[in-house]
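**Q** Single-letter residue listing:
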Amino acid sequence: MPSTLRELLTLERLDRDLFRGGNIGRIGGSSRIFGGQVVAQSLMAAYGAVEDERVCHSLHGYFMRPGDVERPIIFQVDRAFDGGSFATRRVVAMQEGRQIFNMAASFQRPETGFEHQTPMPQSPPPEGLTTLAEAQAVLRGEADRPYSTETAFPADFRVVDEIPFTRAGHALSPPQKAWFRVREPLEGLAMHQAALAYCSDMVLLSSAIRPHGVSLRSRALQHASLDHTLYFLHPVDLGRWHLHAMDSPAAAGARGLATGSIYREDGLMVGASMQEGLMRYRPPSENAAKP
Amino acid sequence: MTFDLRAALTLEQLEINLFRGRTPPRERGRIFGGQVIAQALMAAYGTVEDRLCHSLHGYFMRPGDPSVPIIFDVDRSRDGRSFATRRVVAIQHGQQIFNLAASFHVPETGAEHQAPMPKTGAPETYPQASELRAEKVALMPDGQSAFYNYIPVEWRFVDPPIPAEDDPAPARQRAWFRLREPLSEDPRLHQAALAYCSDVALIGAAIRPHRRSHAARPQTASLDHAMWFHRPVDANQWHLYEMQSPSASGARGFNLGAIYSQAGALVANAAQEDLIRFAPDPPKGV
Chain A
2 MPSTLRELLT LERLDRDLFR GGNIGRIGGS SRIFGGQVVA QSLMAAYGAV EDERVCHSLH
62 GYFMRPGDVE RPIIFQVDRA FDGGSFATRR VVAMQEGRQI FNMAASFQRP ETGFEHQTPM
122 PQSPPPEGLT TLAEAQAVLR GEADRPYSTE TAFPADFRVV DEIPFTRAGH ALSPPQKAWF
182 RVREPLEGLA MHQAALAYCS DMVLLSSAIR PHGVSLRSRA LQHASLDHTL YFLHPVDLGR
242 WHLHAMDSPA AAGARGLATG SIYREDGLMV GASMQEGLMR YRPPSENAAK P
Chain B
86 MTFDLRAALT LEQLEINLFR GRTPPRERGR IFGGQVIAQA LMAAYGTVED RLCHSLHGYF
146 MRPGDPSVPI IFDVDRSRDG RSFATRRVVA IQHGQQIFNL AASFHVPETG AEHQAPMPKT
206 GAPETYPQAS ELRAEKVALM PDGQSAFYNY IPVEWRFVDP PIPAEDDPAP ARQRAWFRLR
266 EPLSEDPRLH QAALAYCSDV ALIGAAIRPH RRSHAARPQT ASLDHAMWFH RPVDANQWHL
326 YEMQSPSASG ARGFNLGAIY SQAGALVANA AQEDLIRFAP DPPKGV
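Sequence lines, in order, name chains A and B. For the record, in the first sequence the residue sitting at position 270 is 271 according to the numbering used here, with numbers rising by one throughout. For the record, in the second sequence the residue sitting at position 173 is 258 according to the numbering used here, with numbers rising by one throughout.
What the hints contain is simulated information worked out from the structure, not anything from laboratory work. This structure is a prediction, so every number in the text was calculated from the model and none was measured. C-beta atoms are modelled at their ideal positions from N, C-alpha and C, and glycine is treated no differently. Heads up, a few of these hints could be off.
To be verified - Label-pair ranges, simulated between beta-carbon atoms:
no., chain 1, residue 1, chain 2, residue 2, range
1, B, P317, A, E143, 34 to 44 Å
2, B, A231, A, P111, 28 to 38 Å
3, B, Q213, A, H171, 40 to 50 Å
4, B, P255, A, P176, 13 to 23 Å
5, B, A231, A, G129, 54 to 64 Å
6, B, P317, A, I164, 27 to 37 Å
7, B, Q347, A, I164, 29 to 39 Å
8, B, G114, A, G170, 55 to 65 Å
9, B, Q347, A, P186, 53 to 63 Å
10, A, R14, B, A231, 44 to 54 Å
11, B, R161, A, A225, 13 to 23 Å
What the hints assert, rightly or not - Here are a few chain A residues that face chain B, going by a calculated C-beta distance under 8 Å:
no., residue
12, Y232
13, H235
14, A253
15, M270
Isolated chain B (complex conformation) (with noise of 0.2 Å):
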């Protein structure tokens, strides 16, 4: 069953800064770290007018259960009179889950400049990682195979998730998304939903270097997630996400994104850093 964007994103107003979000029925697992994000997005919308998200920043503390709604509780740190801060704690079982703090600006314009988007073919030319052989794609949330045809995302990698060979990879892989439903017009929404995707496959690229075909697949965890909202963004549109790891250690990878639109504007940039735990390699020859 594909994930219901639509109404994950729909929260309900428990209070003047209260909100609870649910996760659509799911077979098992810990909740999507993109999911908490989006929603935690949307918890701070729900007290801000008129202006946009230009910047969030959260962590993940405990997984998210998806037997149960999440609470967001939001903090109106400061309302000035161009920007707006937002705190979002969303909470499960008495427990802090993740926290978020957000910035929000009324429009302006201003001078502008940006990185050149990567070269890269068509979305249509790459296979859709759904229908990639489990084995092929490197990493899901939970390890679950069916994760792409679970997310509410068409997502084709431009480069293979998993190398052919087991030669090292680059820490750097790129892929095309969309939403598979579009979403009405609300800019609310469509940042949201590519917080959502921002967190999709962004660890892969610090695994990338260090995976093997052969090897059991790592223990992960994302730390943390940031987003800056450069453009306006129209997520029912196809959108080129660079992602690369300029760095690993200390069982962390560090990962930052780009995400342009299909017109070559970068509309996002994103940083994640993810634990990730491999198991020691088997012994030679087993």
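So that you can see chain A by itself, here it is in the shape it has in the complex (with noise of 0.2 Å):
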């Protein structure tokens, strides 16, 4: 079983485009292997079947079935495109011979152009704010239903905001940020986007849910994340503190869409990161009518 980041981000290689990976346990107290994971870990298997010096610039995937942290996770790749600049990748995570999370990749030669972002957000530096293990403390003080022993989130983890991710009865603005470095060594740039990609899962989604006064740890609450899209603006060095500024632009039909920019400390745009969740509501008086 994995330790680390680093050892869940190396993939053991079973056939050229064949990876196998392991889980580092229940991050946020859930049997469910944590979304970020699989995305990372897909990205390290993509990586896998990407022969030259190409560089990942971009990311779409989909959670179809939950995945089991007692069991390992096996990575198909399909070499979809290799042209002279770009090349696509396709991968499948299974478990039990069934599809849990696919992905598309693509991968860019590296080359320079036009340049322009958005500025970063104010935000006060990560040091002294709340650690990610204090807000979920908090989160769990609220919680109506039951949940397992916290497997520590592996990165350095700050949340911004007075309130981060929900509170029951606070109908709050989507807006939230989060800082967050990995300080362990990882192993190449494709270690650190995958990093990366393991980040941008934390937080993401609740941005939807912030405004709806419902507890992230509600038992009326069940929200699963459906999609998982990143873009890699620049090289990344998790070394560093990275903001990840959320929002939600929109949520209907029981499903909600997060967004985000990822800053590097000195206000490069690095990432950015789109989500859509399943965010539905049942409130306590429906489920007692329940057998």
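Assembling the complex is the task here: the two chains are given apart, and the hints tell you how they should meet.
**A** Next comes the structure, spelled out in structure tokens:
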């Protein structure tokens, strides 16, 4: 069993385009595999089937079934396209013969060109801010459903807002911010990108739930990530602090869309994230009526 | 000749998971990306019942050849109780030109919120893009100035596609659009039409700050396309498309779009990254 992010992101190669990855425990106290892990490992698998120095610039994935933390994951890569500048890979993540996640990703031979970016929003520096564990303890305090022991999140993660995630009875505005960095050494740009993918899935979806006054840990709320999109805009070094500025443009039809901009501590916009999630709310009275 | 959207969205079913789509006759160039997205969505719908698409993610890999049909091969990745996931590979000459993953949801209701619609004038107060002088239109997929006559969409830019002066413009543009010929009430067709429309000018947001009226048209290609359908769509009606580009780097422009009904409902969001290679600036004084 991997115990560090680096071990988690080091896949075993079973055949040329076939890989196996392990799990790191119960992130968020769930027996479901943390979504960011599957995205990050799928990216490492895709990199395992990209032969030259091409760099991932985007990935799009769908979560289809919950991943089981007690089982390894098999990653099968399809070399969909190899062009002069770009390469496209598709990865299917499987457990027990079923697709739990699939992803397409594109890789580009590095080139230069025109540049612009939106400025980084103001934020207090990460040092001294609430840690993820402290923020999750507050959430746990308002949980009305039991869950098991949590595995510590394998990155240094700080929440910026006074009320991160959600708060029962409070209609919060969607925007929220978080800082993250990885303190253990990582190997190569691919692993740094995968670590960014890992961290980009933490907190993000709660931005879409914030306005609706229900706790993430409420029995009445069923929530699950449906997809995950990430753009890599510049090379990343996860040893440095990064700010994830999140928002939610819309929720409707029991789904919510969250978006994020990821900045390096000096203000360079290195990534952009998007995630849609199921957010199904059943007031307690409806639950009580069920057998 | 205007593109026949209804004909393009009517795919021929060859086998249970296999479809063929056609490109209406066109003089030259590559197939417009929005057509391939829309047809791939219809192919996915050919294998889904009683659910509506809520999101799609696609990658453009090779230019589409308008002289031959496109084969759409659908994989039924998952059928759950509420959701279904499909993957579609678009093939020409034995090669993948585009692939798409899409998810479908049994209609449900739930909590709602949305970003407010930006304020603009009414659609009719802006000129039709098809009537703008060619040099005023920043970009068309293959550089044809007739593009806005060709597409089956009435398109009206709120912000001029190329700024009047050579001062840098913000990485943002807005446009009103609606279908020229109304589609029937089938919600699948309207989503496919919206997907088509969402690819029309999104790239322009990234180009606006950099494009100069005297400069050569850059080499462009859409790399990917994503859409999230939040609410039912009626593409026969006017929609406001707010496009912005949070970043450009590495010869790629990253664009986000928000599509509002005229009443102000946010019906969809879009994201697209584009390859944009500018020619070097000409020497001064030339």
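**Q** Each of the hints needs a verdict: does it hold here or not?
**A** Right, here's what the structure says about each hint:
1. For P317 of chain B and E143 of chain A, the Cβ-Cβ distance of about 35 Å falls inside the hinted range of 34 to 44 Å, so the restraint holds.
2. In this structure, A231 of chain B and P111 of chain A meet the distance hint of 28 to 38 Å, their C-beta atoms being roughly 36 Å apart.
3. The beta-carbon spacing between Q213 of chain B and H171 of chain A, approximately 47 Å, falls within the hinted interval of 40 to 50 Å.
4. At about 21 Å, the CB distance of P255 of chain B to P176 of chain A agrees with the hint of 13 to 23 Å.
5. Between A231 of chain B and G129 of chain A the C-beta distance comes to about 60 Å, which sits within the given range of 54 to 64 Å.
6. Distance hint for P317 of chain B and I164 of chain A: a CB-CB separation of about 33 Å, consistent with the stated range 27 to 37 Å.
7. Under the hint 29 to 39 Å, the C-beta atoms of Q347 of chain B and I164 of chain A, about 36 Å apart, fit the expected range.
8. The hinted window of 55 to 65 Å between G114 of chain B and G170 of chain A holds, with their beta carbons roughly 57 Å apart.
9. For Q347 of chain B and P186 of chain A, the Cβ-Cβ distance of about 54 Å falls inside the hinted range of 53 to 63 Å, so the restraint holds.
10. With their beta carbons about 51 Å apart, R14 of chain A and A231 of chain B fall inside the hinted range of 44 to 54 Å.
11. A hinted range of 13 to 23 Å for the beta carbons of R161 of chain B and A225 of chain A is consistent with their spacing of about 21 Å.
12. Residue-level restraint check for Y232 of chain A holds (minimum Cβ-Cβ distance to chain B is 6 Å; threshold 8 Å).
13. For H235 of chain A, the interface hint holds, the least distance from its beta-carbon to any beta-carbon of chain B being 6 Å, beneath 8 Å.
14. With a cut of 8 Å, the hint placing A253 of chain A at the interface with chain B holds, because the nearest CB-to-CB distance is about 4 Å.
15. Interface hint at M270 of chain A: satisfied, since its Cβ lies 5 Å from the closest Cβ of chain B, which is below the 8 Å cut-off.
Every hint, counting from the list given before, is met by this structure.
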